[in-house]
Each structure stands twice: as C-alpha cells, then as structure tokens.
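Keeping the supplied structure of chain A fixed, place chain H with the ligands upon it in accordance with the hints.
These are the residues of each chain, in order.
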Amino acid sequence: MKVVVAVKAVAALDDEAELVDGDTAVDPDGLEWDLNEWDAFSLEEALTLRDGAGDGEVVALTVGDEEAQDSLLACLAKGADRAVRIWDDALEGADPLAVARVLAAAIEPEAPDLVLCGVQSSDAVNGATGVAVAAHLGLPHVAVVKRLELEAGVATVERELEGGLVEVLRIRLPALMTIQTGINEPRYATLRAIKQARDKPLSELGLDDVGLDAARVGASAGARLRRLRHPEKGEGAEMLDGSPEDVAARIADIVKERMSA
Amino acid sequence: MILVIAETRRGELRPVTLELVTAALGLKEAAGGRVAVAVIDADASSFAGALAVAGVDEVLAVSASTPHFEAHHTQRAVEALIEAEQPALILLGHTIDSMGFGSAVAARLGLGFASDVTAVSWDGGPIATRGAYGGKLVAELDFPGHERTLLTVRAGAFDPADAAGAEPAVRPFDVAFDPPLTEHIEFREAATGDVDITKADFLLSIGRGIEDKDNIAQFEELAERLGATLSVSRPLVDAGWMSNARQVGQSGKTVQPKVYLALGISGAVQHLAGMQKADTIIAVNTDPDAPIFGVAHYGAVADLFDVAEALEQHFA
Ligand SMILES: Cc1cc2nc3c(=O)[nH]c(=O)nc-3n(C[C@H](O)[C@H](O)[C@H](O)COP(=O)(O)OP(=O)(O)OC[C@H]3O[C@@H](n4cnc5c(N)ncnc54)[C@H](O)[C@@H]3O)c2cc1C
Ligand SMILES: Nc1ncnc2c1ncn2[C@@H]1O[C@H](COP(=O)(O)O)[C@@H](O)[C@H]1O
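Quick mapping for you: the protein sequence lines, in order, are chains A and H.
Its first residue numbered 1, the first sequence is counted upward by one per residue in the numbering used here.
Its first residue numbered 1, the second sequence is counted upward by one per residue in the numbering used here.
Please note: incorrect hints may appear among the correct ones.
[What the hints assert, rightly or not] List of simulated lysine-lysine pairs, DSBU-like, C-alpha gap at most 35 Å:
(1) A:Lys-195 <-> H:Lys-213
(2) A:Lys-200 <-> A:Lys-146
(3) H:Lys-28 <-> A:Lys-256
(4) H:Lys-136 <-> H:Lys-28
(5) H:Lys-199 <-> A:Lys-146
(6) H:Lys-136 <-> H:Lys-199
(7) H:Lys-258 <-> A:Lys-146
(8) A:Lys-256 <-> H:Lys-277
(9) H:Lys-136 <-> A:Lys-256
(10) H:Lys-277 <-> A:Lys-146
(11) A:Lys-146 <-> H:Lys-136
(12) H:Lys-277 <-> H:Lys-199
(13) A:Lys-256 <-> H:Lys-199
(14) A:Lys-195 <-> A:Lys-2
(15) H:Lys-258 <-> A:Lys-256
(16) A:Lys-146 <-> H:Lys-213
Hints were generated in silico from the structure; no laboratory data involved.
No experiment lies behind these values; they were computed from the predicted model shown.
Okay, chain A solo, but in the shape it has when bound (with noise of 0.2 Å):
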C-alpha cells in the first residue's frame, strides 16, 4: 500500500500583514506558516491505511519554499516515511493548475495505490488542486470525502455533500481523493519523533528533477494575479468599542431589543 499525500504550508496573516510588490503579493514578514489543516486529516488517513495494510509507504510531497520546510518534518514527525519538497522561484505566487501540473509530474513516477490531497487550503481556499492533478495522472478520482474504507483494491466512500447529506460510493484504485476534516483524529507528534524526523528522508527537487521548466508550467497555469487588496471596510459591522463589559451591556441591549420586536 503506498500512499502519496499532497501537503501544503498554509500561510496566516498577521495584523500588520503589508502588500508588496505593486500590490501582488504580502511581505513576507506579515505570514506565519503551518500544515494545512485539510492536509492533516489526509496525512493521518494514509498512515492508518497504510498501518491497516500492514506495509507499504506514506510519501508527503510539497511544492514550496523553505517556509514549507517545517510542514514536511511535522509530517515526517508524525509517521511518513519519506517527504518530497519541490521548488523553482518560477512557482512563488503560481496558480492551483499549475501546482496541479508539478505535483502530477512528481507522483506520477512514485506510481502510488492512492493519492490523498486535502478539499481546500485554508490561505488559498481553491478547493481545486486535488482533482486538477486527478486528471493529469489520468487517475480516477472522488471529492470531499468523509469516509474511507478499503477492500481488495477497492474502497467504499462517503462524499459529503450540502446540508449533511452522505453519498456513499465506490471506486477501484488506484485513485485519487481529497480529504475532508473530522474523518478522522489526526495525531500528535510526539517530541521524540520530531527529532527523529530530522532523520528522515527528505529529498529537495527542482523542476528539472520532475521532468518541467518554468516555461511550462507557466503554460499550465489558469489564471494570473492582477492585485491584492483588503475588503471594503464601511459595508462590514457597526462597531462596538470599551471594555469587556461594555460590549457586552451593548450586546445585552441590542438582543433585548431585537427578540422583543
């Protein structure tokens, strides 16, 4: 049983987060970087297959920079046996349909029973890049599943779909399938293994490793960032200044006055 997982560094902004660079991008002093959470549920599924089978191997594969460095050693830490980071300074701001493209060129030799990418990252929110490397590998493929359960090369799933509703299905591996939070209970890492992991295979690519250049992976890419900005702000909420205690007598008063009317 191998199992490939796409893992991302997810990057938070800070209350001070500037943009830079004609707008196009946050200085990078404004982020602070962890596992996408999505990616840590489909971590721990493929270490419990994989533990399930009784062999095999969990490969966590990223396409980022050293900001990403620490998500795969926490990955390590937690039970993959070996982790890919692959980078080109062509990819920094690159699109889903482009990591999409990197990311097949790099599993695609691994040939893996199973490949596992979160539904969505928490920074970028594409919910996109799973099956977008799905159809590059030519990989059968589910989405946003909650459930998994494999028998003789096939698995049973539950899609989880709008207002709680379950579709259970089956699909024959190998496959691809993006992972939905609360499907499991993702592990700790204990502080012995992340020393360990440091041990751990971890190999750096760049794109001419995975077969690419920069030339065509920007081909591959679907769209190009014009500018960021913040939200209009005067639409949002009225708000309500002071102390603890004084937000909360505003509260009071203004639940007092709408549940009366």
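Quick look at chain H with the ligands alone, frame taken from chain A:
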C-alpha cells in the same frame, strides 16, 4: 458565448444554477451575445421550465447515463460541450459536485480557471474577484493567453434569476460516455438530532475560539441564561465535542434566526453560507480582520471569555 453548467440533484435544480444565470446575463453582450445552459442529468430536458429566464437562449440537454451525478461523466460531458460550443466563459457553482470535476476540465483542456469567484467583470476577457489568505484579502485575477475560461462561482454571490419567462429552446446534445468510474451505492440523509437549530429565534454560536472541550459547559449555561439555543461551527463537530445537529454552515444547517451571536468564529465561506441571512448578526472575535465582521451587523474586537462573563450579568 457563455455556457452555464446547471446543477441538479435527485430531480431538483440546485438554486446556485439560477445565480449563475444572473452572472451570465450580466456579461452576455460583452462575451459574444449568447447564453446557453447545459443540463447533464438522466432526465435533462425536464429542467427547461425551471430555466425559463428571459435572456437564456438555449438549454443544452445532455442525457446522463447514470441516475445520479457521476464526476467523471459530468467531466466528460462538460469537456465535450466546451469543445463543440467553444464558449468564451464557462460558469459552474462552487459546490461539492463541481469540486469533483471543474478543475479537472480546466486542467485537461488548458482553460483559464479560478474557483470560489465572488464577482466577474469583462475587459477583453473575464476578470474575476475572489478571496485570498482565508478571505482576509481580496484578489483580482485575469486569464491572459486563454480564449476560454472556466469559473466556479460562490453560491449566494449573485441573486437568482427569475424563471418566469418563456421556456427556452431545448437542444439535445449527445455525449459518448465510457463506463462510469464510480458506483453509486446510496444517499444517506443527515442524522436528526435532539435539537432543531433552524427553528431557534436566538442562536448563541461558538467556534474554535472557545479552545477546549471543557469550556463547552460554560456556553451551554450561558445559552440557557440568555434564552438562546447553542449552535457551533464545524471544527467543534469534527473534534467530536458537539453533535452535528448543532452545526451551522454549508455542510450543516442553514439558519435564519432573529439574532445570531457568534463567539470565536472566523467566518469562513462555508460557515457564512449557513447564517448570513440572519436578521441581526453580532460577532465577537479577537482578530479585527476576521471575515465574520464583513457580514456582521455589530462586531466587537474582544476576548470572547471576557464578554461572555460580562454578558451573564445582564440576564438574570
Ligand atoms: C466542503 C466544506 C464544508 C464545510 N462546511 C462547514 C460548515 O457547515 N460549517 C462550518 O462552520 N464550517 C464548515 N467548513 C469549514 C470552514 O472552512 C472553516 O474551517 C470553519 O468554519 C472554521 O471554524 P471556526 O471559525 O470556528 O474556526 P477558525 O477559523 O479557527 O476561527 C476561530 C476564530 O476564533 C477567534 N478567536 C480565538 N480565540 C478567541 C478568543 N479568546 N476570543 C475571541 N475570538 C477568538 C480567532 O481570531 C478566529 O477568528 C467546511 C469546509 C469545507 C471545505
Ligand atoms: N503547494 C502545494 N503543495 C502540495 N500540495 C498542495 C499544494 N497546494 C495545494 N495542494 C493540495 O491540494 C489541496 C487543496 O488545495 P487548494 O486547491 O489550494 O484549495 C491541499 O489540501 C493539498 O493537498
């Protein structure tokens, strides 16, 4: 031309479809003057009446070979439609079904692509607006080098078009399907819980900001004191702390209470989908840039525990 891909489920047209029609009609002249809606369903032509919107030129009916949505079949059908009709713009809802094939179509055909789009304009080609950095920023995208662009549009971003016009012409569109790659077993309804949050007038809603399972009891007490029903964001259900009957959002319940008091909820799009129509939304969050403040009527940048404690005093 603009091609709208309708979404159907179990014999019903999903509401996002008429929102896509509104988006398409707004760009119709700029994008070549024609709007077609494609329905991919076992009973595709039966939806023409539901799509009777003035300005829709044609319904393309693809007779699906499976009774329910099958991602690979829909992908195949949409690819065939794009190749035959050559639309400049293809609009899908940013829905669970679309997440199963939309970006695959774009990757295979080399289309311009963006997802979860909240606004579209036209300047020689489409220009799309979407969130960035978890919705804390807004991004404007264009699609240079692409003659065709596929966008998945956020549900609720456009008002639904009024389907009270004349029934549009229906043109059958044949697609040669391979055997499906997934096998539908069944649909399972959401479990019904001990509480119906959709009936409550006043919801006290807590999110990941409450930090710990042990803190839940405190908010159950507060809700009782306030005469509110307790509801939650998804992470509290994922963690097993609360039953999914209390979850507000896209994959939970859609609520419309008189008052929705949100403590420690960031306001992710899938949460907003379930509560943004509440009469009065009050949000308490330590992060001044939390997207929830974009839909709230009243907001406070404050620690929820402090506010909760002070709030108790006002409700004897
Ligand atoms: C297909 C799909 C369906 C989904 N369906 C749903 C759904 O139905 N419902 C849903 O809720 N989510 C849903 N989600 C998940 C959604 O994307 C978000 O992950 C989730 O809504 C985040 O919940 P949250 O706001 O509680 O947590 P977070 O985003 O982590 O936000 C916590 C907030 O608490 C604030 N905070 C922290 N400490 C304090 C404090 N002491 N005082 C005040 N504020 C504090 C923080 O500033 C932060 O804004 C879905 C996701 C997907 C992909
Ligand atoms: N740069 C990346 N490196 C590795 N995996 C990624 C990357 N970007 C997206 N993914 C995968 O695609 C999923 C969905 O992300 P997105 O389409 O950006 O919302 C993530 O949960 C990851 O599994």
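When the structure is checked against the list of hints, which entries are broken? Sort them ascending.
Going through the list in order, the structure violates hint 3 alone and respects the others.
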